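Based on these hints, arrange chain B on the given structure of chain A.
There are 2 protein chains.
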Amino acid sequence: MLDQALAYAQAHRPEALEALKQFIRIPSISTLPEHKIDMQQAAGWLVEKMTAIGLEHATAYPTAGHPVVYADWLHAGPAAPTVLVYGHYDVQPVDPLEEWQTPPFEPTLQGDKLYARGASDDKGQLYVHLASVEAYLKTAGRLPVNLKFMIEGEEESGSVNLEQFVQEHGDLLQTDLVLISDTHILDPQTPVIITGVRGLAYMEISLRGSERDLHSGIYGGVVENPLNAMVRLLASLHDEQGRVNIPGFYDDVLPLTPAERAAINVGPVTDESLKAETGVPALWTGETGYTSAERRGARPTLDVHGIKGGFTGVGAKTVIPAVATAKVSMRLVPNQDPYKITQLFINHVERLAPPTMVAKAQTIHLGDGAVVTIDSPAIEAAAVAYEQVFGQRPLYLREGGSIPVVALFSKKFKVPVVLMGFGLPDDALHAPNERFHLPNFYRGIETAIRYYDLVAYQNGAQAAA
Amino acid sequence: MLDQALAYAQAHRPEALEALKQFIRIPSISTLPEHKIDMQQAAGWLVEKMTAIGLEHATAYPTAGHPVVYADWLHAGPAAPTVLVYGHYDVQPVDPLEEWQTPPFEPTLQGDKLYARGASDDKGQLYVHLASVEAYLKTAGRLPVNLKFMIEGEEESGSVNLEQFVQEHGDLLQTDLVLISDTHILDPQTPVIITGVRGLAYMEISLRGSERDLHSGIYGGVVENPLNAMVRLLASLHDEQGRVNIPGFYDDVLPLTPAERAAINVGPVTDESLKAETGVPALWTGETGYTSAERRGARPTLDVHGIKGGFTGVGAKTVIPAVATAKVSMRLVPNQDPYKITQLFINHVERLAPPTMVAKAQTIHLGDGAVVTIDSPAIEAAAVAYEQVFGQRPLYLREGGSIPVVALFSKKFKVPVVLMGFGLPDDALHAPNERFHLPNFYRGIETAIRYYDLVAYQNGAQAAA
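Quick note, the sequences are listed as chains A and B, same order.
1 is the number of the first residue of the first sequence in my numbering; add one for each residue after it.
1001 is the number of the first residue of the second sequence in my numbering; add one for each residue after it.
Pulled out of the complex, with its shape left as it was, chain A reads as follows:
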């Protein structure tokens, strides 16, 4: 059964690639209202594809936002474990469009890379699992495990409706473990299992001064410019040691133990490799007292993502804008409560507002951080599957990004969450020219096929079948 599935997957690589390209062509940007219909189309495409490969009960469940797609195959018997595969069909916006070398929604092969928005995050990594399931169902007609898919459409906009969906469909989603491919490995040869993700609090600040945009020649000096005030406010959110300068921000951050620090710093990512990967003239020394690896994955950060107001076109306009807005996110570590942090942020920002304008801060989206315990059989099966395909055991690393569902599943179902990714650090996630290294696509399919087999075998279900 395993060998047949592996052979099928190998023989049908062109078809898998073609299907992925179809999926990518749907511009499913969850955060932009004008793409609502594309979101529905992408959900519909998944339902159809899942049904075609032999999954059952494929359904796009409506939510207050974009639909959640569910499907299952539950005939492996009660002795076999149930695996819930999570992924997301939504993608990030594509701006700045002018920096794309190929159209973002026309997947383009260059060498062994497929360029497109969503190629890696997460359509490519999600399709790994559809292709592996297809390989079993089209050969043996069955899977070694009971399998459920839950594919959401709001990961890139904070998974705001997912918690409610999970609450309302607890029985449907009941599982023994959650499997997610939405992270990256170290390099094409070195797999990585992620053992922790950061939380996220994404905020928007607005400062409103005058009733209308004003001429800086006439009012400069007497009307405070909201952009002048905004840069002062944003700059004050870091202190001179690179720490986040919001009272109470670090109160719940657990100090790193010597053992944790040792584990974090043992990874093969060096300052030199980070510098080469990103092309910066120098790395940031960041928060004083911590190494790059600690700052990336185990310490909270604050970033400004965009500032709006005034004039940014070609040439010159001497305007004092009526309003300036800024988007700011904070990456949070486990034990920092995003709700508490956003309240600290809002209070602080509104207190900092000068009397010359009205400040407002609001939450755009939130996600909890989580730490994954690595001593479960579900994780060990992933390590073995990786080793069988990549020829070496995975590294265990913390990841700086945020996957809200990890905390959600860890807390609600108290089951292991396995973060078995197939992306690469230079996939350009969320950036122009996103790409997926196709050899990893194919290795990913093989790894997933082996993983289902290994998990079933651990459970003794394989023998029973």
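What the hints contain is simulated information worked out from the structure, not anything from laboratory work.
Take every hint as true, because none was put in to throw you off.
Subject to a maximum C-alpha distance of 25 Å in a straight line, what follows is the list of computed BS3-like cross-link-like pairs (lysine-lysine):
no.	chain 1	residue 1	chain 2	residue 2
1	B	K1340	B	K1411
2	A	K275	B	K1360
3	B	K1275	B	K1113
4	A	K360	A	K340
5	A	K360	B	K1275
Quick list of simulated restraints, FRET-style, between CB atoms:
no.	chain 1	residue 1	chain 2	residue 2	range
6	B	H1075	A	G313	40 to 50 Å
7	A	D171	B	E1099	48 to 58 Å
8	B	E1099	A	N245	29 to 39 Å
9	B	I1037	A	G248	50 to 60 Å
10	A	P255	B	A1276	51 to 61 Å
11	B	A1262	A	Y339	51 to 61 Å
12	A	D251	B	V1358	30 to 40 Å
13	A	Y339	B	P1103	41 to 51 Å
14	A	G141	B	L1097	58 to 68 Å
15	A	V253	B	E1211	27 to 37 Å
16	B	G1289	A	G313	28 to 38 Å
17	A	V253	B	P1103	50 to 60 Å
Computed list of chain A residues with no C-beta within reach of chain B, every gap over 10 Å:
no.	residue
18	I246
19	Y250
20	V253
21	A383
22	G391
Values in this document were obtained by computation on a predicted structure and should not be read as measured data.
Even glycine gets a Cβ: it sits at the ideal position worked out from N, Cα and C.
Just chain B now, with coordinates in the frame of chain A:
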């Protein structure tokens, strides 16, 4: 001759308004390259209109940028003075477009205001002079003065090619005084002659970190965010006393004498009226030690006009942009050399750049400030003309804005520059919903008609004619 002209102007108000509307409908935004053809159309429209009203030699002179339109009528005789009317046919960009209540290039009458980009700045105020000339030429067939028009198309983008044009056409432009209507008066009843304008240095800063946009979850904490660095850099350009914090910036600023301060502070503009006019919750206290009137017109300022980079759409995108850029302008007072100031700025900004990124600062445009001496007959004639029409003598005020041509003409031709404006403080220059108070349009035409007569009379030319 005067009475006939006044009667003609009064009878032909609807035609003057109609012509102004035609002029406004051409979206002549000089700073945006995609409007190049509109700029040519606006210049052509002027040439045709000037010819139709009886001016001679109407020509659009090409420059390295947008054309300068020239026309004249030189038959008043050698005893009559020559007046050169300066204006500009270019307008500011219109964004944010969504805040306009009527289409910016479809002039719309509401009450006694005409809403459109350029309605006041400067198409409406410029058309005042075309209508006043037409009133003479269509009645007496002659003007009491020799008249030249020089109408540029780059005032809103720094008049970058005007100095060369003036150098190359010194004979053509020879004049006894320059008359400009491109400023505002205090209120519909209270005329104002502007006695000083500030200079301008408009800069752009860029900070480039990584080669491509990065995911803040993966690189936050080790790659310094150019937006984080930009807000820190921009915030540092003011100190805690509201002073511009660039070494050497104030070196050439002349201290205000007690007499100057007294003159500046005697104006009827109060903090309360400024607050009501702009709708701000409170005025800025700005540079410590100076009054609002001093900070507005007689002290230099620095304003951030826009910041680009990252994501400013609806929703959330967790990006560390590769590049952040910012537009910043400084209003300069007489004796501050814009070239020197830009060099100070560039050196300072490039020195402030963190080692994690490459900083570049460049000049977008420049203009000298100027002070006008008020004891010339040319200014007195304007005061009398205003008084005859508005029923009161004008105030003499300094203006915070920048009209580069004032310094240019003061220096090159050593002739009086008369800033006789007809705008109002709430015309929303450079902002959405720009408008022109039409009673002032008609009073402006009458004031200009009287002005030509008064200037000729002062010179004895009236009697000779």
